[in-house]
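> So you can see what is in the structure, the chains are spelled out below.
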Amino acid sequence: MSLLSIHDLSLSFRGVHGTTEVLHGISLDIAPGEKVALVGESGSGKSVTARIVLGLLQELPSARIQGEVRFEGQDMSGLSRKQLAANRGTEISMIFQDPTSSLNPTFIIERQFAEVIRRRNPSATREDCIRIAAQALADTAIPDVERVLASYPFQLSGGMNQRVMIAMALVNKPKLLIADEPGTALDVTVQAQTLQLMRQLTDDHQAAVFFISHNLGVVREFADRVYVIYRGRIVEDGPTEAIFADPRHAYTRALMNAVPRITGTGLPDIPERSDSFEAPQISHGSAS
Amino acid sequence: MTLLALKNVTKTFRVNQREVQAVRNVSFDVREGECLAIVGESGSGKTTLANMILGLLGATTGEIHFRDAPLPARRPPELRRQIQFVQQNPLSALNAKRTVGSSVRLGLDTYRIGERAARKAAVEAALEAVGLEPELARRPPGALSGGQRQRVGIARALAVEPSLVVLDEPTSALDVLVQARVLRLLNELRAAKKLTYVFITHDLAVVRNIADRCVVLKEGQIVEMGETAALFDDPQHNYTRNLIRAVPVVDQTEVELRNKLGKFND
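Line by line, the protein sequences are chains A and B. Going by my numbering, the letters in the first sequence line up with residues 1 to 288, in that order. Going by my numbering, the letters in the second sequence line up with residues 289 to 554, in that order.
Treat the hints as calculated values from the structure; they're not laboratory data. Heads up, the beta-carbon is just placed ideally off N, CA and C, and yes, glycines get one too. Please note that the accuracy of each hint is not assured.
What the hints assert, rightly or not - To give an idea of the interface, some chain A residues facing chain B are shown, with a C-beta separation under 7 Å as derived from the structure: (1) Gly73; (2) Asp75; (3) Leu84; (4) Gln196; (5) Arg261.
What the hints assert, rightly or not - Residues of chain B placed beyond 12 Å of chain A at every Cβ, according to the derived structure: (6) Glu449; (7) Asp463; (8) Lys481; (9) Leu531.
Unchecked claim - Quick list of the computed label-pair ranges, beta carbon to beta carbon: (10) Asp317(B) with Thr20(A): 35 to 41 Å; (11) Lys82(A) with Leu344(B): 20 to 26 Å; (12) Arg427(B) with Ala86(A): 40 to 46 Å; (13) Ala279(A) with Arg362(B): 40 to 46 Å; (14) Arg427(B) with Ala279(A): 53 to 59 Å; (15) Ala357(B) with Leu56(A): 32 to 38 Å; (16) Gly514(B) with Ala245(A): 34 to 40 Å; (17) His17(A) with Lys408(B): 26 to 32 Å; (18) His525(B) with Arg126(A): 45 to 51 Å.
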């Protein structure tokens with residue numbers, strides 16, 4: 001059974017200049033423990049999809065959402081705002097692009113951890129929270145746990161904040177972790193470490209990952225299965241190996257060409273628009 | 289011919305009564321017409337180096353020469369015009385309250401380039417040169433996409449006809465498709481306008497495809513320097529190897545290159 005199942009999801013925003021269609025009926029599934037990537041360019045609808053899964057866009061009066069999102073078999077449209085909020089940080093958690101701006105600058109790390117831990121366990125004492133947080137941080141191979149817990153985010157490096165965010169996102173043992181371009185705000189070595197750490201920890205916790213990115217190179221390193229999204233439509237999907245061995249959709253090939261190669265194959269010429277990008281979805285069959 | 293030369297440049301900052309050496313005894317030449325990349329992790333001193341080349345920071349010791357003459361601490365307008373800057377984040381680099389056109393025009397007015405009456409046309413030409421519609425000149429930067437804004441950043445730098453452009457992570461805030469287009473544009477403009485680039489980045493895959501030569505910085509010091517192709521074929525330093533190995537790859541040939549580098553590690 002799927003952990004997360006999205007069926008024919010569409011989204012539009014009502015604005016002063018009329019309605020903007022953002023998602024045109026996308027469907028995707030994530031099995032428990034599976035790492036699934038949604039890949040596309042800026043504005044393709046990746047991040048809004050993640051926000052719908054988190055139940056954040058449902059609160060926006062201008063957003064019109066249609067279709068079905070099921071988490072553990074339960075239809076999320078039937079959930080109240082309160083129930084959606086209760087899922088966040090416990091069953092579903094999220095890691096954002098820029099760790100330093102995503103943490104609260106006015107509280108030390110210990111206090112931010114306590115807030116998260118108490119979402120699952122409201123009666124946790126300060127000592128409990130420190131113990132749990134220290135263990136979670138130690139799992140991310142942070143050497144100086146006590147110093148980190150007593151620090152404000154600005155006192156830590158970007159790489160360190162990224163580890164803190166991953167530890168915080170996983171501390172309540174969520175079943176699904178949403179990662180929105182983790183590490184792209186950091187340099188390549190920290191990004192590589194982040195991906196390695198995320199893979200190791202989500203395996204340990206048996207958490208599924210919904211991974212959002214524009215870079216197919218990053219996706220290849222991380223995901224079991226890939227969905228490619230273009231202008232609010234899924235254009236290609238399949239197991240990571242199959243997509244990389246045989247990318248069939250013109251847009252997938254363009255995305256792949258766009259990644260600069262360390263072998264120095266030159267800078268590709270990629271068209272702004274192409275009719276072939278609008279071609280119908282290609283599926284490579286299921287992974288397992 | 290050498291356009292820019294750094295000679296034993298050191299920059300020391302005082303932080304909480306402690307001295308931190310951000311750049312230590314760095315020397316290299318930038319040849320006219322080349323694209324020289326400066327690579328390294330965050331905190332390696334790349335941006336401090338850029339700020340010194342631009343004259344936004346003074347060197348603590350050492351000298352920077354431009355066309356064989358040392359750059360003075362207070363640069364005359366002509367020298368400032370010659371060395372231009374493209375920043376990482378085009379949204380924060382552009383004044384949100386100015387239209388795109390007036391941001392581009394500011395340089396023309398400052399350095400008194402061309403007749404006043406001809407400057408409107410010059411702004412439009414500068415935007416067209418980077419592939420933007422001239423009509424965008426009337427828009428604020430907030431109404432543009434990330435890729436369009438970075439093109440405006442490039443148009444603004446190139447409008448004043450510099451000879452050297454310092455690009456500080458010009459594409460790391462952009463998605464891969466937009467990055468590919470902007471990198472191509474930068475390459476075409478360099479050839480067409482005979483520009484010299486100092487290209488600062490942490491992304492070695494970008495460097496491999498755009499830079500002629502490469503300087504690798506670690507903790508403010510140069511650990512390795514050379515022709516890009518040679519550096520990737522046989523990196524001498526473990527730090528360089530790890531930077532290359534950290535790049536996420538797509539092709540099997542890249543995996544092979546990475547594995548080859550991995551064997552030498554440790």
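> Please flag the earlier hints that this structure goes against, numbers listed from lowest up.
Numbers 1, 2, 3, 4, 7, 9, 10, 11, 13, 14 and 15, in rising order.
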